[in-house]
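Undergrad: Based on the sequences and whatever the hints tell you, model everything.
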Amino acid sequence: AQSVTQLGSHVSVSEGALVLLRCNYSSSVPPYLFWYVQYPNQGLQLLLKYTSAATLVKGINGFEAEFKKSETSFHLTKPSAHMSDAAEYFCAVSDRDGGYNKLIFGAGTRLAVHP
Amino acid sequence: EPEVTQTPSHQVTQMGQEVILRCVPISNHLYFYWYRQILGQKVEFLVSFYNNEISEKSEIFDDQFSVERPDGSNFTLKIRSTKLEDSAMYFCASSVGNLYQPQHFGDGTRLSIL
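Chains as they are written, first to last, in my numbering: chain A, 72 to 186; chain B, 7 to 120.
No lab work stands behind these hints, which were simulated from the structure alone.
Worth double-checking, as some hints may not be accurate.
[As the list claims (entries may be wrong)] Taking beta-carbon pairs under 10 Å as the criterion, some of the chain A residues facing chain B (in silico):
1. 109
2. 112
3. 113
4. 114
5. 116
6. 117
7. 120
8. 121
9. 122
10. 123
11. 165
12. 166
13. 173
14. 174
15. 177
16. 179
From the three backbone atoms N, C-alpha and C, an ideal C-beta is built for every residue, glycine too.
TA: Listed below in C-alpha cells is the structure:
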C-alpha cells in the first residue's frame, strides 16, 4: 500500500528565503504524486502533480517539486518565499492499488512566512 | 475556472440527527469523492463514486454513511445518525478520470455535532 510522510509539521521562513517542504513516499508501484495547498478557511488547491513524465515538475505560484526515485522523495521548493505563501501544504499519493485514484495524504506542513 | 462547490459551509447538528452535505462537482468530471479532516488530523478518504455506484470506500464509511447523485449535477453525503466523532471538515472532490488525473476539491463543509 502507498503512503506519504511529511517531515516537519511546521516550517518558518523569512520573506525572500528558500522554501523547502519535505515529502517521502512509499509505494510498491511507480507512484503518482501531488502537492496541494490549503489556505485558511479554503479547500485544497492543486499545486502540481507528478505522473511519471519529467522528474522536475513546475506548478503554480512559482513552486516546483523534484521526483527522486532513489530517495523516494518528492520535496516541494520555491526559490523565494512570499507572505502570501503562508498556508498548509499537503503531499499526497494516488492509491494505485485501489485503482480509482483515492488520494492518501500526508499529515501536512504548515508554512509560516515572516517579514 | 470551473470549481467544485459545497453547501453549506458550516452545519451544526444535534447528535443523532441526520445530516446531508451537498456538492456540485465540475460538470465534465466523472469521478466523485468525499474526504474528511478531523481538526488537527490528516485528510482521510471516505468514498469514491463512479458510474452511479460506489467504487471504493474506507473503513470510516460505515452503514451510517451513504452517497447519492440524485440528478446530473449534485453529489451528496448523508450521515444517518450523527455522532460526536463525526465532527470534522468534509471535502468533496471530483476528477475527469482516475489514476493520474488530479482531484479538484471544494472549500469544504465544517460539520459540528453537539
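Undergrad: Does each hint hold? Answer for all of them.
TA: Cross-check of the supplied hints:
Hint status for residue 109 of chain A relative to chain B: holds, with the closest Cβ pair at about 9 Å, below 10 Å. Checking residue 112 of chain A against chain B: minimum C-beta separation of about 8 Å stays under 10 Å; hint holds. Interface hint at residue 113 of chain A: satisfied, since its Cβ lies 5 Å from the closest Cβ of chain B, which is below the 10 Å cut-off. Taking 10 Å as the C-beta contact cut-off toward chain B, the hint placing residue 114 of chain A at the interface holds, the least distance being around 4 Å.
Annotation: interface hint on residue 116 of chain A holds; nearest CB of chain B at approximately 7 Å, less than 10 Å. At about 5 Å, the closest approach between the beta carbon of residue 117 of chain A and any beta carbon in chain B falls short of 10 Å, and the interface hint on this residue holds. Interface hint at residue 120 of chain A: satisfied, since its Cβ lies 5 Å from the closest Cβ of chain B, which is below the 10 Å cut-off. Against a cut-off of 10 Å between C-beta atoms, the interface hint on residue 121 of chain A holds, since the closest Cβ of chain B lies about 9 Å away.
Given the 10 Å rule on beta carbons, the hint for residue 122 of chain A holds: about 4 Å separates it from the nearest Cβ of chain B. With 10 Å as the threshold, the beta carbon of residue 123 of chain A comes within range of chain B, its nearest partner Cβ sitting at about 8 Å, so the hint holds. With its C-beta approaching chain B no nearer than about 6 Å, residue 165 of chain A sits inside the 10 Å limit, and its interface hint holds. Look at residue 166 of chain A: its Cβ gets to within about 8 Å of chain B, closer than 10 Å, so that hint holds up.
Of the supplied interface hints, the one on residue 173 of chain A holds, with its beta-carbon coming within about 5 Å of a beta-carbon of chain B, less than 10 Å. A least Cβ separation of about 6 Å between residue 174 of chain A and chain B falls short of the 10 Å threshold, and the interface hint therefore holds. For the restraint placing residue 177 of chain A at the interface with chain B, the shortest Cβ-Cβ distance is roughly 7 Å, inside the 10 Å limit, so the hint holds. Hint on residue 179 of chain A holds. Least Cβ distance to chain B is approximately 7 Å, under the 10 Å limit.
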